[in-house]
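Mind docking chain B on chain A? Use the hints.
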Amino acid sequence: MHNKNLNELTIVESLTLLKEGKISSVELTKACLDQIDKYDNKIKAYITVTRDLALEQAQTADAQIQQLGINAWDSQPLLGIPYSCKDNFSTKGIETTASSNILKGYIPPYESTVTQKLKDAGAILLGKTNMDAFAHGSSTETSDFFTTKNPWNVSTTPGGSSGGTAAAVAANMCIFGIGSETAGSIRGPAAWCGITGLKPSYGRVSRYGVIAMASSTDSPGPLAKTAQDCALIANIIAGKDNLDATTADSPVENYLHSTDHYSLKTLKIGIPKQYINIELEDGVRTKIEDTIAFLKDYGVTFKELDMLDTKYSIAVYTILQRSEVSSNLARLDGIRYGQTRDSFGTEARNRMMLGAYTLSAGYYDAYYAKAQKVRTLIIEDFAKAFKEVDLILAPTMPNLAPKVGISESSPLFGELADVLQEPSSIAGLPAVAVPCGTYNGLPVSIQFIGPRLSEELVLAAGIEYQKINTHHLNFPDLERTTNV
Amino acid sequence: MTDLLGNYKLVLGLEIHIHVNTKQKMFCGCDANIYDAEPNTHTCPTCLGLPGALPVPNYEAVKKTQLLGLATDCQLNTNSKFDRKHYFYPDLSKGYQISQYKEPLCEHGKIVLSSGRIAEIERIHLEEDTAKSKHENGKTLIDFNKGGMPLMELVTTPCFSNIDDAVEFAKMVRDLARYLNISEADMEKGQMRIEPNISLRTAEMERLDELPPYKVEIKNINSFRFMEKAVKCEIVRQRGILETGLTPEQQNRGYDENKNVTVAQRSKEEAHDYRYFPEPDIPPMIFSEQYIEDIKKQLPELPAELAVRLATKYQLKETQIFELIKSENKDLVQKLEELASHNLDPVKVANLLLNKLEYRNLSTEAFIQQYNKDNETMDDADMLTQAVKKILAANTEIVDQYKNGKESVLNFLLGQVMRETKGKANPEITMQLIKELI
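Order-wise, the sequence lines are chains A and B.
Counting along the first sequence from 1, when you hit position 466 you're at 1012 in the working numbering, and nothing is skipped either side.
Counting along the second sequence from 1, when you hit position 166 you're at 167 in the working numbering, and nothing is skipped either side.
Wrong hints could be hidden among the right ones.
Covered stretches of chain B, going by a simulated chain A footprint (3 or more residues, C-beta under 8 Å) [stated by the list, open to error]:
hint	stretch
1	55-64
2	76-90
3	144-157
4	279-292
With a cut-off of at most 27 Å between alpha-carbon atoms, the simulated DSS-like pairs for lysine-lysine come out as follows [stated by the list, open to error]:
hint	chain 1	residue 1	chain 2	residue 2
5	A	K584	A	K949
6	B	K86	B	K64
7	B	K190	B	K220
8	B	K314	A	K916
9	B	K190	A	K786
10	A	K919	B	K86
11	B	K314	B	K297
12	B	K103	A	K919
13	B	K190	B	K140
14	B	K82	A	K916
15	B	K190	B	K24
16	A	K916	B	K103
17	A	K568	A	K857
18	A	K916	A	K819
19	A	K919	B	K82
20	B	K140	A	K650
21	A	K819	A	K842
22	B	K260	B	K233
23	A	K786	B	K64
24	A	K786	B	K82
25	B	K220	B	K230
Quick list of the computed label-pair ranges, beta carbon to beta carbon [as the list claims (entries may be wrong)]:
hint	chain 1	residue 1	chain 2	residue 2	range
26	A	T886	B	D274	16 to 26 Å
27	B	D257	A	Y903	36 to 46 Å
28	B	Y36	A	A915	32 to 42 Å
29	B	D257	A	S796	33 to 43 Å
30	A	T606	B	P301	38 to 48 Å
Think of the hints as simulated: they come from the structure by calculation, not from any bench.
Using N, Cα and C, we set each Cβ at its ideal position, and we do this for glycine too.
In isolation and in its complexed conformation, chain A is listed as follows:
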């Protein structure tokens, strides 16, 4: 902790130092802002930096700490901690574009539930991060504004759609970040940027105020430096929300204590053949095999699983997601928000066209209705698997972060990159993606997938995994990687 710059701290470390009075929230916030000043012109993680607001909030936090001492954190568990937020979360009074030209200049008059909860918990918003426009992509290359670069190697993509947030966390331009996943948008960029991401169960975290991509799968969640930090954030943002009818009623556990209830050594972990016997990039396969061997040595019991081919999930996901996208974007009809529909990017247009087609009379049964039926089969397939095992382990991404420009050469690039995440997304399951090493200077990641609403279980696996190795402590040397 002592040889770290403040902006490199985790939430847990920051809180310790803040509580000991060794640092102030202003210092912590300034350290993040300085890092943004220094590197974001190369990384391009942020669309908007809310510097003045952040410093003002940090001062308020320091005043509260001054006044209440250690008790200040009783009601505000994240008091004084600065974070970055994906630009599809509505932030009252702060421009929110979802990286799209059609929403350029749109300033929401209301706050999303997640950012409101973080605000209430004392967290400080540093700014809004870049993403694929409307989250349509896995690289940030479909952002209508600019492409974010991977801090590990700026000639590669950070992944997407929460690429801005992932890059901001990996480049230590914030203490933690908030993203959202429809199928791979948290886990993917977390994997390629070498950080930890929690994709919560569908309905565990409120979608209220998050500009919808695919309403039936969108899951807001944290991207952070450790699984423990993810647990801490999940404690704040999870739970029933009266403004989102799809949130689950079940109580939220204290995820920080999840390792008290579960241990990797007593869990049975399944590895689906269909997630391993696919085209994995060499470096990825090596690291995954190393990780499985390492965990076996540690005492984990593994079982091979035979599950549905992931190709069905790609088909189902593509149809359902395009259908919902075509509907969700219909409100941007060119009448409100100041821009005409000309300003929709190519990717958004493609998805709206495809979605309108799959929902149209005469094709609905062949596409949408059939996809829903197959979705049920996929949910059942997981239910069957979880009768045999407690958790599923799989590579998070089949490949290392590819070169910038990749998405232009393959229209279904995202779907192929997200193949290992789409089945669990469609089924609404939670998963934690954690770094498991680097290959050629690029991070590799594994994911633990659990049954619906088993956040405690997947977080316990992630936290324990990070107790027994140091992969999550590796961060890119920005001095070197941005100096090219």
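This is chain B only, laid out in the frame that chain A set:
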């Protein structure tokens, strides 16, 4: 009407939209009392359709819709859901309306009309209303107050063969909505709108139960009178087309009340593909048997049932019953039953309550007191009539004197009646009766 139709038969169905009188709008927390409010003062991120805002269904509106379903003999679906209906219009903030497509709340109901004919209800579903556009000085202004208001839609089969039945049905639905406290259904305030769909067929088609190959829907009619007029002028228009050997185009039309004509709005052939799909923001609704039983218990006695009871239990007169089953007279029925339980004559009580306003606000005790006092002065029409008749019969000579112009004898007759009734008769009424009966 037969004149209007010539050799054709009318095929008429109705769609009736009614604002449900909930406290909040259909999918957000906005105050639903929007009538007479300043434009855009009852709005929020959800009913404005702002990016990221989500709908949360108002189960009060759901329950009220189900209540109307029960009252109209509908089947309540235990599984129901909302769907998105897509179309582009400036007053539709999300580019889709949250409605119900495949699994409406209520289906297959009916109402028995006074003729004994049965009006068939296909479905009653719940949806959100759109906002209101206002065209002014070449500009279009939009008031989102109405956007997201809970709106139930009742759809009949094309079961009406004459306008009177359809009007009676629409009025019965309005009365039911009021009676069940589902809506004030004030058509002037836009709380109830009617959309008749009309086509004509030959007697032969009617015999074969064959529907015409087209239908014309008249949108947004806001009074029963206009509905009648609109249907009539549509009959004339369609008959004109049919008589030239052509088939009227399937389309939506509007009724211009100033010119008394219907005007084409858009053709159904080029109508939108609404691209319905299940609303992913709202979980499907599953209603337990217990829940449905509970609503059934909440269903008050319906006017038809009340009429039967008032007739059998209290032997009220038909005209009294007709008045008492009106929803605005619910309180009077309650009073009547209370008073009848104190051994007061129900027919008399009903008379007093309906015809003498001063009785309505009396407490039970005060009412009984007043009632007994009145009875002492004996204004009971039947008994008094008998007394007068008896006196007149016993004094035929005096009656003749009166008939010959001697009006002063009336006082003598009055005196006789007063003696006969031991002074209980009301002199004014008695005098009137004497004059009538002579």
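Q.
Given the hinted pair K314 of chain B and K297 of chain B, is their Cα-Cα distance within 27 Å?
A. holds, 24 Å
Q) Quick one, are K568 of chain A and K857 of chain A close enough, alpha carbons at most 27 Å? A) At roughly 52 Å apart (the allowed maximum being 27 Å), K857 of chain A and K568 of chain A break the hint.
Q: Apply the coverage criterion to the stretch 279-292 of chain B and chain A: a residue qualifies when its Cβ sits closer than 8 Å to a Cβ of the chain, and three qualifying residues are needed.
A: Holds, because 4 residues of the stretch 279-292 of chain B bring their Cβ atoms closer than 8 Å to Cβ atoms of chain A.
**Q.** Hinted pair K314 of chain B and K916 of chain A, Cα distance within 27 Å
**A.** Roughly 59 Å between the alpha carbons, so the hint for K314 of chain B and K916 of chain A is violated.
(Q) So if I understand the rule, the pair passes when the alpha-carbon distance is 27 Å or less; does K190 of chain B with K24 of chain B pass? (A) holds, 17 Å
Q. Would the pair K190 of chain B and K140 of chain B pass a check requiring their Cα atoms to be no farther apart than 27 Å?
A. holds, 24 Å
Q) Quick one, are K260 of chain B and K233 of chain B close enough, alpha carbons at most 27 Å? A) Holds: K260 of chain B and K233 of chain B sit about 13 Å apart, inside 27 Å.
Q. So does D257 of chain B sit 33 to 43 Å from S796 of chain A, Cβ to Cβ?
A. Since D257 of chain B and S796 of chain A have Cβ atoms about 57 Å apart, the given range 33 to 43 Å is violated.
Q | K220 of chain B paired with K230 of chain B [C-alpha distance capped at 27 Å] | A | Holds: K220 of chain B and K230 of chain B sit about 13 Å apart, inside 27 Å.
**Q.** Hint consistency between K916 of chain A and K819 of chain A [alpha-carbon to alpha-carbon, up to 27 Å]
**A.** Status holds; Cα separation ~26 Å.
Q | Proposed proximity, K919 of chain A with K103 of chain B (alpha carbon, max 27 Å) | A | With Cα atoms ~17 Å apart, K103 of chain B and K919 of chain A stay inside 27 Å; holds.
Q: With 36 to 46 Å as the target window, see if D257 of chain B and Y903 of chain A comply at their CB atoms.
A: holds, 39 Å
Hint check: violations occur at hints 3, 8, 9, 17, 29 and 30; the rest are consistent with the structure.
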